[in-house]
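**Student:** Heads up: the protein sequence lines correspond to chains A and B, in order. Every letter in the first sequence is one number past the one before it in my numbering, and letter 15, counting from 1, is 28. Every letter in the second sequence is one number past the one before it in my numbering, and letter 126, counting from 1, is 288.
It is worth saying that the hints were derived from the structure and are not from the lab. One thing to keep in mind: the hints can contain errors.
To be verified - If you anchor each label on the Cβ, the simulated ranges turn out as follows:
#, chain 1, residue 1, chain 2, residue 2, range
1, A, Gly160, B, Asp255, 49 to 55 Å
2, B, His435, A, Gly280, 45 to 51 Å
3, B, Lys453, A, Gly47, 56 to 62 Å
4, A, Asn223, B, Lys453, 46 to 52 Å
What the hints assert, rightly or not - From chain A, some residues computed to sit far from chain B (all C-beta separations above 12 Å):
#, residue
5, Tyr22
6, Pro73
7, Thr81
8, Ser139
9, Ile179
10, Leu215
11, Gly216
12, Asn236
13, Gly274
14, Glu296
No residue lacks a Cβ here, since even glycine has one placed at the ideal position from N, Cα and C.
Listed below, chain by chain, are the residues.
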Amino acid sequence: MFFNFISHYERHSYLSKIASQVRRDILRMVTGAGSGHPGGSMSSADILTALYFKELNVTPESWNREGTGHDMFFLSIGHVSPLFYSVLARRGYFPISELGTFRVYGSRLQGHPSIEATLPGVHQASGSLGQGLSVAIGAALAKRLAGDKSRVFALIGDGESQEGQIWEAAAAAVHHKVDNLIAMTDWNHQQIDGTTEEVQSLGDLTLKWNSFGWECIVANGHNFNSIFEAFGRADSLLGGGRPVMILFETEMGHGVDFMAGTHEWHGKSPSKEQCERGLAQLEETLGDY
Amino acid sequence: MKKYINTGNKDTRSGFGAGLSHLGATNPKVVALCADLTGSVKMGAFAKAHPERFFQCGIAEANMIGMAAGLAIGGYIPFAGTFANFAAGRVYDQIRQSVCYSETNVKIAASHAGITLGEDGATHQILEDIGLMRMLPNMVVINPCDYNQTKAATIAAAAWQGPVYLRFGRPGVPNFTPEEQVFEIGKALHLNEGSDVTIIATGHLVWEAIQAAEILETEGIRVDLLNIHTIKPLDCEAILSSVAKTGRVVCAEEHLIAGGLGEAVAGLLARKHPVPMRFVAVNDRFGQSGKPAQLMSAYGLDAAHIIAAVKEIIGA
């Protein structure tokens, strides 16, 4: 683990500061590139901050693609790359200054995460939706075969859960008793064309994952108490013969008033003025890149 | 003409099964996945001998490819097996992103390729898979010709670092390559020395090409014959040196003209050494039900059609 805090209050206050900086990075990266996906990046920001700055048992120094002996994280929703890159850089996987190269020709920070680009922290390319959960299951099975007791995490989207492959993976993980896997859904209820219920209703995801045989936990993805309670519960369920899904209730665009709660900002870059308006709502805590 | 002896018909898929069993016994990193076709793809012996290293994935090919990619990231060497139509066509995007673009060490074991699948008909007879797979950056495409070569190719695929598409078939076909052979990925086999025409064949068409070359020799036409078991990377040197002698090429394969070995060779020759060419392959159509031999004849994929193509190109 990375930081040892005296109290939960201290921990959550520190993580909030990091998350605020991460959201600033997201806004500035997407605005700088003139394209990218701020909405889902904002909704997943607190989850990934909690994961990388506390929960994951891996450091930038110990990280390797094979993942031997440490926790692995698979990002299935590759379009939230601004978030992923910001968290990795802020955690020390590569220089923070590199965030300014997001989506630029020749950059390691490709529009969606790439292996070719050899960016530390990235186990697998993603972007075409629906694939990451299957890959995480494979990685979890590899750990089981190798007798490696560390964990595998994966983040999928609610819109992504319209892909059939997600439900192939849901069935496979239960069939193969993949109980060293903690999957997470960013349940922000929005996708490109509108709300998930308008586009193609997902129904009750809790019922769906439960009925597939997963241990299912619902938590508030913008509240660190709730996030860590979910992580703790998930961890205690590992080894019980079932995979675990944490459904994180979140808000698309969370943290910036004009982006919050709407699908409009799924994949659109703000103007310079809009970016400034957003930045004014997010404290600069660690220093902009 | 060098003599090639059929030691008895055998299916290439069983060659894969034998290779996989050999790997199971010799390499603890080899794992296998199958989408409800364990018997058909001949993965049963591996599954029985190494149950902890075999993953039944059910009729869910997309997830199987993803699981294979994850196992590869974790340091294992997965062979993911199903029918070629599902192994290439159904999961193209999964192979593209999770395997090739992600540079995962996954081996796609594609059985029942081509029209020799027979009675099941066009829904199962993929004739486009070589094209689909050879377009993908980082992918190696192997299409062995008989049981022994398929077994050797399977063992070679495991030793290769990176994605491999291994294509084989259902019916018993002549087994004529040596039992103990070293399979070198990307290295064409020169089966006969000749100066009048080059025949480049792959997969089930190699035996047909040998039959054609024997008959042509009796008519005074000397064939330079190449067995291209690896379509990508293509052995450009072997092809160019053969064509430099003969100045004419016939390519033969159980695949569409579009995207196949013939087009790969044509692309090479257009850049380096343009010569007249003929294609013994299927032209822009689907397969249908029938006996394998009957279909190969009806679709123009046999020795008789290779001979006709050679005579046409020579002007004989």
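**Student:** Indicate, hint by hint, whether the structure satisfies it.
**Tutor:** Here's how the hints hold up against the structure:
no.	hint	result
1	A:Gly160 <-> B:Asp255: 49 to 55 Å	violated, 33 Å
2	B:His435 <-> A:Gly280: 45 to 51 Å	holds, 48 Å
3	B:Lys453 <-> A:Gly47: 56 to 62 Å	holds, 60 Å
4	A:Asn223 <-> B:Lys453: 46 to 52 Å	holds, 50 Å
5	Tyr22	holds, 38 Å
6	Pro73	holds, 18 Å
7	Thr81	violated, 7 Å
8	Ser139	violated, 7 Å
9	Ile179	violated, 9 Å
10	Leu215	holds, 19 Å
11	Gly216	holds, 21 Å
12	Asn236	holds, 31 Å
13	Gly274	holds, 31 Å
14	Glu296	holds, 37 Å
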